[in-house]
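S.K.: Top to bottom, those sequences are chains A and B. FYI, the UniProt record's numbering numbers position 266 of the first sequence as 266, with every residue one higher than the one before it. FYI, the UniProt record's numbering numbers position 167 of the second sequence as 167, with every residue one higher than the one before it.
Warning: the hint list may mix true and false statements.
[To be verified] Taking lysine to aspartate or glutamate and the EDC-like style, the derived pairs with C-alpha atoms no more than 20 Å apart in a straight line are:
#1 Lys-1205(A) - Glu-1235(A)
#2 Lys-541(A) - Asp-525(A)
#3 Lys-29(B) - Asp-525(A)
#4 Lys-158(B) - Asp-1116(A)
#5 Lys-1227(A) - Glu-10(B)
#6 Lys-1012(A) - Asp-982(A)
Quick caveat, the hints were computed from the structure, so don't treat them as lab data. Quick caveat: nothing in here was measured; it's all calculated off a predicted structure.
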Amino acid sequence: MAAVLELLLQEEVPVSAVVRWLRHGPGHRTAEENHIHDKLVSLSLLQKDFVPFLLNFLREQTSQILTNGPPTPAKTPNSKAHGSQRTGSERRAGHATSSRVQLFSQRTSVTTCTTDTSFSPDAASSGSSSFSGSNLSSPYGDFPSVVSSSSPSFGHSPVLHHGERRSSQKASLGSFLAATPEALPVRRGRRKGSGSAGASGRQVARDLGRSLAEEEDGKSDAGSWSGGRRKRNEVPLVSARSPPSQLNLNNLEEFPPMGAASGWTNKSKPSRRINPTPVSAERPLSKPKTCFTSTPVSRSPASSLEAFAAVQEGHLSSVMSNSLQEEREMLKKERCKLLHQASSPAGISFDPCTPTKPSYTRSASLPAESHLVTCANPAKVSCKKQLECLAQLYSSCIAENLVPNIFLELFFVLQLLTSKGTSTAEDGDSDPEISERNRDVSGRQHFESVHNCVYFAVQVLDYQYEVISHLEKGMLKLLAENERIASFSPTLHKRLRQAYESSTAKVSLLLPCSVQSVSFQPETDNRSNFPSDRAFHIFKKQRDIFYELLREWEDNNEKTGWDFERVLGNKIRAMMAHLSATCNHSHFARLFQKQLIQMCKGPVRGGASWGETPDQDVLNMLGSDNLSRLKRLQERFIVSQSIRGPCPPPSFPGCQQFFRDFILSAGSYQFNQHLMDSLCLKILELNGLTLVEHEHSDGEAEMEEQDEKKRFTVALLSLRLLAKFLGFLVFLPYRTAEQPTRDLQDSALALRNQTLPVLDILKLLRQSIRDQRSILTIPWIVEYLSLVDHVAPFLDYYRKVFSLLLQVYRLMVLSEDKEMSFLNKLLILAVLGWLFQVPSVPEELFFTADDRQERFVMDTVTSAQALDFVPLVDQQLLYTCCPYLGELRKLLASFVAGSGGKNGGFMRKITPTAAEALAPKASVTQRKLQADLEQAFFHNQPPSLRRTVEFVAERVGSNCVKHIKATLVAELVQRAEAMLQDKVKEEDVNNDKLLEEVCTHLYEEGAQALIKGREFCKKKGPEAVRVLLPEETSAAVLSSAENIAVELATERACGWLSANIAALIKREVKATFNRMLKVPGFPLPGEDALELRRDCPPGCQHCAPFPSQIINEIKDVLCVAVGPREEGEVVDCVWLECLLGRLSQTLRCRKFVCPTSEQQLAKCTVELASLLVSDRVPLSLGIKSPEKSPERLPVKNNPTYGLLKLLFSIWKEDFGTSVPVQLIFSKKNMGYLAEAKQREWDLFLFLLHGLIEHELMRTSEIQSCLHILEELPWPSDFVKDLKRLSRVFVSEHQMEEHRTNPCELTRQSLATMATQS
Amino acid sequence: MKLSKAQYDEIAQFLGHVQPTRQSLRKLKEKFPSQSQSTLLSIFSQEYQKQIKRTHAKHHTAEAIETYYQRYLNGVMKNAAAPVLLDLANEVDFAPSLMARIVLERFLQEKEQAIPSKTLINSMLRDPSQIPDGVLANQVYQCTVNDCCYGPLVDCIKHAIGHEHEVLLREMLLEKNLSFIAVEGHIIHWIESKASFGDESSHQAHLQDQFWSYWNRFGPGLVIYWYGFIEELDCHRERGILLKDCFPTDIVTLRHSMAQR
């Protein structure tokens, strides 16, 4: 490897030759054919390993600068590069594990260190995987947080998260790859000497890595490592994982403070865990620096002891920047102590060395530190030639997609651009060791100064201008304003300025939408979709429970100590048990899936909305100082979900967390299966998205494009979400916390190779490539694959998928193929790049091109309709899908703003513009020729025409059905009702048979529906088309459009009607019939007469008192009458009269009267009448008759007569329901009379006459009632009176009876009977 | 009428162990003249129901039933015209209507030698003239008429009130020709009319049984407690359940329909 580089740097071989050499795999053609440079031919076997080598080389070279400066270099490449190592140790040990852990939220806190061990070679030091460990420790379920932190990347996330602090942990295997053992002392020396507190932690890590390497060296050829890519098996992984004992622990120099050893043995050192518990000391002088999230900050001038203690607790103390000297002293002391302690096997954390701020710092940018930031000066650049060479080579690798993730590289470049070399770096106090190490050209330090780094970075940026110019506007602004770029390359500066000014790529920040429920969908959710009432009912319940759980989660999930499983687990399982009992899984799965899309396709919600880093505006408003404080505070409360690092592992942010946890807690096989089915179906449906062909002839084109873009965006985001969950479910059973052993893996492979995948993504992928729709398909397939378990990628099937994806990646060169939209490609590259960094995706994948892979050629024949060639992706979508791209901007921002949180600045929240579901697809035409003609017609018309026609057809068809239901069906039902009413009165009818009979009769008429439907469509279709199309549409076009619309609508409506009309009629008739049977008193022929009273009188103002009010008042009167009453309590006669008057009003205005209240009023008034005639109501005559005497009043003066008269009139005129006057003759009510001291027979007789007079009862009825009463056991005198009364009554009314037309009384008597029954 | 939690508590506390008679209601009105009668009655009724729910079981033990029945028999034997059942109910702090039901049930059981059906009992309570025993019929009627919290009459009144308010609401909506509206900045998909006072427990119950279910199916909505509610309960606005004590005035409609008019 180095040889190639050397050739290049010594200018023996031009860059172009190297690139050519790289692009062509060995063995395919002869060297000459490919014009491979002769000097490179012999090296062809190394070709595969060259890129990783180069990437590592750059990381290695720049490590010191970056270490000191803010950013940590992107290690990725390394990792990649050294895929080998990764493979082995890292993968097994750490990364993968960690991410997995996160995914599955295991509580174990973990292992962490191990991870680090893996690769990151040195500088990377910070961040990477290491922290993942810390996150891991976070409680179950906070996947997201993890995400953020852990950089999946191999290596390291440039952004520091917790990780940074722990930088020390990072033992990067990478480091040992490249580094020679001798280097160790050097660095260490430097660290001490330079006083740049910086590197220490990292250094350590590095050292660890190195020492590892050393160890390795002892056993194997170090060279093999440097190649980077070790094959999994060929490697010393084992050794890497071997217990520390194998290492030369005794050599403190080599193994400095490394508790790290423990790290890679996978034993997490508790001390390393960064405990979010805040040490919130005020730091009067220094601004919040380093705030690593929750990282405690120790009081800076604290005594060394204190600081140390803090360190040991896992809190990295951040140091006050302005007392650097002190710190250095302190650090030295600490370091000494530590070194001593380190010797103890206890494995004390070596973190302590790291505390220097600078080391984690990127956070930096604090004013206090600013004096450390070297002012980059183009004049001070050394070895320009070589740098240019490297920049060109490196850029070519990026441009040719030879690096696994171009954004990771860009991130690295930006780190270089923003590096803050310390003065030390420039002092040139390079350690002798370093020089020693730089024996050959490639080994020489080309990046020893900030100037060189910046120079290199600017060069690379220049090469990558096109990519950069496509990033979002905020990013461009920062670049355009970057002073270093301005001073190193005025031309680039100018271009960036222009790009910024012309950019419209604002990524907007939308308000998070609120959670909405999935609305009730009659076509899937109503009763007819369930086998039984019970199932239906249970589903409704479950629906409510589900939302209840959701609400509970929403309210509480951010509270500390709230545990999903503990709180909701049992509820969920109980619900699942119900599902199983009723086999409702499919319904619930559908609801679940819909709710998932509804809640999650939009912006990340939940804690994230707050947890996300604020926008620039917020930053300005609060100032970086307050902001960071705010952030820390916030982070203490909630697990931050913001995304960090350019390659976070897959996560379930915001609401997605709920759904994931729900699935986990439910643990239901059936549910999972149904959910997978449901997801697959929806994915296939969305993946089939078709866009209407574009033409730019008319002015609408732009609007249409917008619509298409929106549809595409919605489909893409939904697909990604669904695919992620599908992937989660599919690989769930195989998820293991750790990489299985080789044996286990082999047997798992043998087994699993026999099974078919749930969703044939390989087929879909191939199809999408063939049909040039990869822009839609690849992003979701990536989401799906990001959740693979450890074994899956090695399955034959997925191997093919990965290798195909890899080819796509390689071939999708940004600079070529102008036809495909640049941003489309960028999105695909970004997601694929991310996928290659996902922990469970084997690292060897990228650099080991599998020659057996299927070859495909990107089709050069492009069709304008193919999705890939439509500019569908914009920056908004790009950033929505790849929020981690925002890291680039954050990095720059932190450099400029100097406000570094642990995030290295603020982050931009990216939210997608979500839209609604796709428009329904056009109905399928039956006849091919017709269809073809139709297609031809539409082909020549603007797409809006087609959409209009389809829309009209759909609506008219649907309205037609509704219309038929409301008219024809309603009519038939009415007729059926009449028929049924007649027949049901016949004795002993079998209701079911009757129903069937009537329905059969109606079915024939139902056939009319089709005729009427056709008429309807014929009438309405053209009307609608005419209204919707432009007025200028030519007559011919219009009539064709109308005809098609009518045809489609008719087809739709009549198709439905012919299939369903009979069932519809039956259902409606049956419902009506059931209602009919339920109505009390049915059948009541007199109903019609009563109907007449159901409306208010004309001109009614509806201002009568409410029935409830009247009932209440009458009730009070009854209370007084029935007792017990207080002494002297009376009912004012006038008031009572008035009450009855109001009752009359109330009954006349029908508006507020309901049957229940009316019946109650009827009953109460009858009761009142009984009490009145029995003299049970203590009436006070008020002003009207002041002579209150206990004597019986003459008939005319007794107010009761007036009241009774009022009642008669009300009963007769005002009630719309039958009044149960016969209750007057009940034993209970007659009892009042019997008990009365002075029986008011006159009154009673008056009552009887009234009843007759007002046709409320017939004489004969009253007679029989009286007869019955006479039979009851009354006091003898009462019976006597009763008999006499009866005689009087009869004699008085016999005559009248004859005169009365019996028909007139029918209603009342029947009504009476009805009530009695 | 919105009541603060404190105001509500004051009323609820006063209600303590008041009997559900019109006399109590009158006292309540005197004590809190500024509150509307309906609100007071609604609160009274709800508070009383809570109390009954707490003590319901103890009145339904076999011993209790037997005791009540015997006391009733003894009472009417002494004086059939006295309000025996009503007094008994008040004495043991139980709703008169419910006491009537207990005794009636016991009476029928003895008479028929079987446990009477619920339908029968309900029917007799609704129309005591069906009760075979005249004295008991009077006693029962007295109980149901005098009970202002339980019993068929009260149920009917409640039903009527509910119905009336729904009509009222529909009327208001029609009047304004409203279909898609936002109230006070919140989108409303449904309106639930509650002709009662919204206290904590009833509101919780409604949330559970109705409102959240509506929300689940239709989205955010509005609840009108015509007789007021405890202000503090109006805490789900953001999530989509808005409380009001009257028909809202701050209504925003979809602009298209405005244009049409």
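S.K.: For the pair we were handed, Lys-1205(A) and Glu-1235(A), check the Cα-Cα distance against 20 Å.
M.R.: With a Cα-Cα distance of about 24 Å, the restraint between Lys-1205(A) and Glu-1235(A) is violated, given a limit of 20 Å.
S.K.: When you check the alpha-carbon spacing of Lys-541(A) and Asp-525(A), does it fall within 20 Å?
M.R.: Distance of about 12 Å is within 20 Å: holds.
S.K.: Does the alpha-carbon distance linking Lys-158(B) and Asp-1116(A) stay inside the 20 Å limit?
M.R.: Given that 20 Å is the threshold and the Cα spacing comes to 15 Å, the pair holds.
S.K.: Would you check the hint for Lys-1227(A) and Glu-10(B), treating anything up to 20 Å between C-alpha atoms as holding?
M.R.: Given pair Lys-1227(A), Glu-10(B) is violated - Cα atoms ~46 Å apart, limit 20 Å.
S.K.: Mind checking the alpha carbons of Lys-1012(A) and Asp-982(A) for me, to see if they're no more than 20 Å apart?
M.R.: violated (29 Å)
S.K.: Is Lys-29(B) close enough to Asp-525(A), meaning Cα to Cα at most 20 Å?
M.R.: violated (49 Å)
Checked against the numbered hints listed earlier, the structure breaks hints 1, 3, 5, 6; every other hint is satisfied.
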